[in-house]
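Model the full structure from these sequences, guided by the hints.
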Amino acid sequence: MIDTWLFAALCLFILAACAFLRAIPGPSPFDRIIAANAGVTIALSGILLLGIAWGSLVLIEAAVVAGLLCYGGIFAMAHTVRGEPS
Amino acid sequence: MSSVVADIAIWLLLFAGVGFAGIGLIGLLLFPDIRSRRYTAVRATLIGLSATVLAVILYGVYELQASGGGQYTVLLALAILLAATVFAGNMAVSKEILARAVRTDYCSPATPPAEPAGPDT
Numbered sequence: 001m002i003d004t005w006l007f008a009a010l011c012l013f014i015l016a017a018c019a020f021l022r023a024i025p026g027p028s029p030f031d032r033i034i035a036a037n038a039g040v041t042i043a044l045s046g047i048l049l050l051g052i053a054w055g056s057l058v059l060i061e062a063a064v065v066a067g068l069l070c071y072g073g074i075f076a077m078a079h080t081v082r083g084e085p086s
Numbered sequence: 001m002s003s004v005v006a007d008i009a010i011w012l013l014l015f016a017g018v019g020f021a022g023i024g025l026i027g028l029l030l031f032p033d034i035r036s037r038r039y040t041a042v043r044a045t046l047i048g049l050s051a052t053v054l055a056v057i058l059y060g061v062y063e064l065q066a067s068g069g070g071q072y073t074v075l076l077a078l079a080i081l082l083a084a085t086v087f088a089g090n091m092a093v094s095k096e097i098l099a100r101a102v103r104t105d106y107c108s109p110a111t112p113p114a115e116p117a118g119p120d121t
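Chains as they are written, first to last, in the working numbering: chain Z, 1 to 86; chain E, 1 to 121.
These aren't lab readings, by the way, just hints derived from the structure by calculation.
No experiment lies behind these values; they were computed from the predicted model shown.
Treat the hints with care, since some could be wrong.
Not close to chain Z: a few residues of chain E, all C-beta gaps over 12 Å, as computed [stated by the list, open to error]:
1. V5
2. Q65
3. G68
4. A77
Partner residues aside, some chain Z positions facing chain E, computed with beta carbon under 10 Å [unchecked claim]:
5. T4
6. W5
7. A8
8. A19
9. I24
10. I33
11. A35
12. A38
13. G39
14. V40
15. S45
16. G55
17. E61
18. A78
Covered, in the sense of this in silico footprint (three residues per stretch, anywhere, with C-beta under 8 Å from a C-beta of chain E), are these stretches of chain Z [unchecked claim]:
19. 25-32
20. 46-54
21. 64-77
All residues carry an ideal CB built from backbone N, CA and C; glycine is no exception.
In C-alpha cells, the structure reads:
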C-alpha cells in the first residue's frame, strides 16, 4: 500500500510543477512572481511531507533554508521588477 | 486519542492541504486580473500549507506521546519554523506586489467606468 505522506507529497509536487509552468507565459512580470511564489509555497509543503515519508529531518531543515533563499529572491524580484501593464 | 482517530485526522488534513493547493493553482490559472490572482494564490496556498503543517504537528504530537524520542520534538520545531518562514515570506511578497501593482496601475478594470450622464440637449 502506498504511503499516505508520499502520495500527498507527490500530488503537491505535481501542483508545484504546474505553478512553475504557469510562471513561464506571464504575461506580466508580476504574474510570473505570483506564480513562482505559489509554486515555492506548494513545493515547500511537499518537501515537508517528503521528509516525513522518508524519515529525514535534514530534508526539512534544507526546506527551511531553501524557503528563506527563495522568498528572499522573490521579494527582491518583486521590489526591482519593472514592466508594462498586460 | 486512538491511532485510528489520529490517522483519520491526519488523512483529512493532508487531503485539505492538497485540495487548497489545487484551488490556489486553479485561481492562478483562471482569474482575470492580478489582484484576484494574487489574493487567491497566496491565501489558498497558505491555507493548504497550514493544513499540511497541522497534519505534521498532529503526527509528531501523537508519536511523541506514544513512543517519546527527541526526533519528534525536533520535527515539531522544524515544522513550526517552516510554517513561520513561509508565512513571513508570503506576506512580504504579497504586500510588495500589491503596492507595486497598484502604483503601476496593473489592476485597471477590464471595462472603463461609465461616464456620468450629461444634461440632455
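Hint by hint, here is what the structure shows:
For V5 (chain E), the requirement that its beta carbon stay farther than 12 Å from each beta carbon of chain Z is met, with the minimum near 15 Å. Every Cβ of chain Z is farther than 12 Å from the Cβ of Q65 (chain E); the closest lies at roughly 17 Å, confirming the non-interface assignment. Chain Z leaves G68 (chain E) outside its interface by the beta-carbon criterion, the shortest separation being 16 Å against a cut-off of 12 Å. Some Cβ of chain Z comes within 12 Å of the Cβ of A77 (chain E); the nearest lies about 10 Å off, and the non-interface call is violated.
With a least beta-carbon distance of about 6 Å to chain E, the hint placing T4 (chain Z) at the interface is held under the 10 Å criterion. At about 7 Å, the closest approach between the beta carbon of W5 (chain Z) and any beta carbon in chain E falls short of 10 Å, and the interface hint on this residue holds. For A8 (chain Z), the interface hint holds, the least distance from its beta-carbon to any beta-carbon of chain E being 4 Å, beneath 10 Å. Taking 10 Å as the C-beta cut-off, the interface hint given for A19 (chain Z) holds, the closest approach to chain E being about 6 Å.
Interface hint status for I24 (chain Z): violated, as the beta-carbon distance to the closest one in chain E is roughly 13 Å, over 10 Å. About 6 Å separates the beta-carbon of I33 (chain Z) from the nearest beta-carbon of chain E, less than 10 Å, and the hint is met. The interface hint given for A35 (chain Z) holds, since its Cβ lies 6 Å from the closest Cβ of chain E, which is under the 10 Å cut-off. A cut of 10 Å between beta carbons decides the hint on A38 (chain Z): the least distance to chain E is about 4 Å, and the hint holds.
At a threshold of 10 Å, the smallest CB-CB gap from G39 (chain Z) to chain E is about 9 Å, leaving the interface hint in force. A hinted interface residue such as V40 (chain Z) counts as satisfied when its beta carbon comes closer than 10 Å to some beta carbon of chain E; here the least separation is about 8 Å, so the hint holds. Taken as an interface hint, S45 (chain Z) checks out: its beta carbon lies about 5 Å from the nearest beta carbon of chain E, inside 10 Å. Interface hint status for G55 (chain Z): upheld, as the beta-carbon distance to the closest one in chain E is roughly 9 Å, under 10 Å.
Evaluation of the E61 (chain Z) hint against chain E yields a held restraint, the C-beta minimum of about 6 Å falling below 10 Å. Interface hint status for A78 (chain Z): upheld, as the beta-carbon distance to the closest one in chain E is roughly 4 Å, under 10 Å. Note: the segment 25-32 of chain Z has 3 residues with beta-carbon separation from chain E under 8 Å; the three-residue rule is met and the coverage holds. Residues of the segment 46-54 of chain Z lying with their CB closer than 8 Å to a CB of chain E number 3, which satisfies the three-residue condition for coverage.
For the segment 64-77 of chain Z, the stated coverage by chain E holds: 8 residues have a C-beta nearer than 8 Å to a C-beta of that chain, and at least 3 were required.
Violated hints, in rising order: 4, 9; the structure is consistent with all others.
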